[in-house]
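K.L.:
Chain by chain, the residues:
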Amino acid sequence: MSETTATAPARREKLPKRKRGRPDSIRLLLNNALATAGLVVFVLIVLVAVAAPLLPLPDPDATAPANRLLRPLAEGHLLGTDALGRDILSRLIWGTQVSLAVGVSATLIAAFFGSLIGLVAGYAGGRIDTLLMRGIDMVMAFPYILLALAIVAVLGPGLLNALYAIAVVNIPFFARNIRGIALGLSRREFVDAARLSGKSNAQILFIEVLPNVLPVIIITMSTTIGWMILETAGLSFLGLGAQPPQADLGSMLGEGRKILFTAPHVSVIPGVMIFALVMSINLLGDGVRDVLDPRLKSGALTRPVARTAVMRDQVPGGIEPDAEAVLDVRDLKTEFRFGGDVFKAVGGVDMKVGQGECLGIVGESGSGKSVSAMSIMGLVPTPPGRITGGVALLEGEDLFAASDERIRQLRGSAVSHVFQDPLSTLHPLFTVGDQLVEAIQAHAPLSGSAARKKAADLLKTVRIPNPAERLKSYPHELSGGMRQRVCMAMALAHDARVIIADEPTTALDVTVQAQVLSLLDTLREERNAGILFITHDFGVVSAICDRVAVMYAGQFVETGTTEEILTSPAHPYTAKLIDCVPVLGEPERRLDAIGGRPPVVNDLPVGCAFADRCPRAGDDCRAAPIPLTEFGEGRTVRCIHPLNAEAEHG
Amino acid sequence: MDDGVLLSIDGAERVFGGGRTIFGGKKPAVHAVQDVTIDVRKGETLGIVGESGCGKSTLARMIVGLDVPTGGRITFDGRDLAAEAGKDLRRLSRDVQYVFQDPVASLNPRKTIRTILEAPLIHLLRLGKPEREKRLSELMDAVNLAPEFLDRYPHEFSGGQAQRIGIARALAADPKLIVLDEPVSALDVSVQAQVLNILDGLKERFGLTYVFISHDLSVVESVSDRVAVMYFGRIVEIGAGRSIFRTPRHPYTHLLLESAPAPGRKSLLSEDADTELPDPYNPPPGCAFYARCPRRTDICNRQEPPLEAAPHQEEQLAACFNPREGA
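Protein chains in written order, with numbering that gives the first Met the number 0: chain D, 0 to 649; chain U, 0 to 326.
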């Protein structure tokens, strides 16, 4: 092969293609039927209210005692007339305009001052925060309708004064919401970075922090505007807002109150309008919140089912289970679907874990190593994940064909997991003992005291000193290493045949990592359990794994014993991956970076996925899929131009 | 103190908490950094290694002026850094910059890369528009990114690219010293090498001085001229990288080196399970490493060991009463 086809690693990186990823906000909003209905009603009402001066309406304040209390559909008065003979339709439209204007302005005023207070309090912290927030607390200590009444009483009745009163009463709502967000944002690294870029506090607050708070302000506004309109109507109803003859929804309601039984339409019509307006705003507001809230946007509302969906095109039959392997996975395929895109996270993986054996899966982030491991017990969230092919045999039993109940029995007993971050794996509100007892009793009918005794024994197994005392500790009271030991104890609670350890030491310090690794190594010998060990670190692999599989773009590119792979890697990717890690004791070694980036798994090339970054790649590499071929004793490689081929085959 | 010293840290100390509550009770205090003395020479890379909670990030934040020491002095080029940071952070930021650990979190998600990189040019260097454009393309070239990236938002970048933007921002003001706080620990190994190589090239090209903080010994070894090992807020050993990694004198350094996994290393030295960091609210009277130390003697639990040079090696200092020999 020619070296000229090699891509120069020093060249500038190309722009990734802009792709249509997740659906955009407008489409998301329109997907929500209720929010769309709200939007339509709201837009209609606003259009009509805004167009009031253009519409052929009679004067809303012109009284005509002769025509008083006409029923709806009367001639010339579509919705009838009120006690003074004024046209209700005209008053309704003009009144809606007033109510909307007051509600929106009050919201804007409250949002402006409330957000300002919240931003300053959250960003400044300390005394200023205390001072501002205690002021806000004092406002909140009054029942708010009383406070609004008191303000109007001082200022005198009138629409404008009612507006001020409502705005003031709602300031705390904004201030408290925004303060919390600003407080979190102000401790973020990008704020420190802005400070080091020479920005002043005011610049940081309004240029850096404010844009990040804006969605929250909009969400809060969309959910308060309905309230504001109701409150305006309330004050007008009490005669403190709009003064006669001016129409607004609240005052119309108030005027109709006395004749509710003789002429119900006078009060029912504005009531219906208030209902329609506020309801539409609330529905729309909820929709806007769902779209803008990043947590909801990321899919928190779509609750995944308890087990990954298995949708195999064909169920592979006639597979002879390997008698020596505890876990035998063949041709596993897992996909994720977002919109119209299919991400082939795992594209055909075979793995075998023998009794007491440790198989390491090494790969970079996004290579599919975690998804492969999570697929085995159906822990990949569905939607959007699904298993589309292959079998996973646990001592001969096909896990993908097993019932949900059977999987539930096996989870945490025959197959157990240890995850990367023990602090998020353990429940913060229960003691370590409670959680261990729960794990024990989930699969064994033990009494409380027997389970507690077993829990203490388990802690002793993972070398936690003073186990009986430690059972009473909460997770936050333990160090990172201790917490990970507790997780390991939980994984050992039942006679686990296979332990799936997903980067179990990545979050730990080196000295603690060494402790946890040597413990794991001892335990698998004592228990004779197989370990599927996922990591990105070849150093960690050396310490614990018997065999290694190197993963790239959803497939294994090389498998073999740890020693062989480390000393004479055959796949160019493996070789490059080993070369780019600094090794302790060899500071002079030049680090060979891998140029380019891995391919995205929704757009994989036909041929070798590594070809674009590979110095040995030729045209034949890109032409067709490369099979995983035997490469010496117990070794496979997915490459047609492997390294060290000469050495292996003479 | 010789002339080559750019940054001088003298007995720096940072206490969090402390003081009194409004009812007069004492609030608990934690010494995050205690009595740290280091000189950083012009043009060198000083590596700082330590495990989580050892105070290395607090030290880094004090050097760039994001935090203020509660005791001791930090001087940069003869100027008192703490005093300057309180008065005018901008002047300090023109000379000392910082690269953050989490590349994505250190970029404002709602700003384009152009806006982010322009900020130091506007606020620190006060450049006009044409000069800014020129400088921006220089910066993008320096970190090996295409100029089209300037109008993108941070979420469109991979970790390695984002970290290079973080480095470009630190370079923007043309500083003399850059503090790199775990710059590669959030990155994949293949990307880590790219970033380390870029950092190495920039140092030569712009005559920079680095303070490189990491928990990864092999990374620190590959980039540093001198290395300081921190434990529980103090420096326990400092010296030339080569001699520290080959012949560690402090038992903690030795433990760190033996615990680090390396390709081909089958067994890792590991201690017993009950070895933990001491309680920061209730520090031990003597050496903080006493409880974990295989070489401890009675004196270690009574007295704080001073940082002393080895008999024949002026450069390698260790804070231990019974240092490992064989140097």
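Simulated from the structure, these hints should not be mistaken for laboratory data.
Misleading hints may appear alongside valid ones.
[Unchecked claim] When the alpha-carbon atoms are kept at most 35 Å apart in a straight line, the in silico DSBU-like pairs for lysine-lysine are as follows: (1) D/K351 with U/K86; (2) U/K128 with U/K86; (3) D/K459 with U/K265; (4) U/K25 with D/K471; (5) D/K471 with U/K26; (6) D/K453 with U/K265; (7) D/K343 with U/K110.
K.L.:
Each hint should be assessed against the structure and marked as holding or not.
P.N.:
Okay, the hints, checked on the actual structure:
About 64 Å separates the Cα atoms of D/K351 and U/K86, which puts this hinted pair outside 35 Å; it is violated. Note on U/K128 and U/K86: the hinted pairing holds, with a Cα-Cα distance of about 28 Å set against a maximum of 35 Å. A hinted pair counts as satisfied when its Cα atoms are at most 35 Å apart, and D/K459 with U/K265 qualifies at roughly 25 Å. For a cut-off of 35 Å, the pair hint linking U/K25 to D/K471 stands: about 29 Å separates their Cα positions.
Using a Cα cut-off of 35 Å, the hinted pair D/K471 and U/K26 holds, with the two alpha carbons roughly 27 Å apart. Restraint check for D/K453 and U/K265: satisfied, since their Cα atoms lie roughly 32 Å apart, inside the 35 Å limit. A C-alpha spacing of about 32 Å is found between D/K343 and U/K110, which places the hinted pair at or below 35 Å, so the restraint holds.
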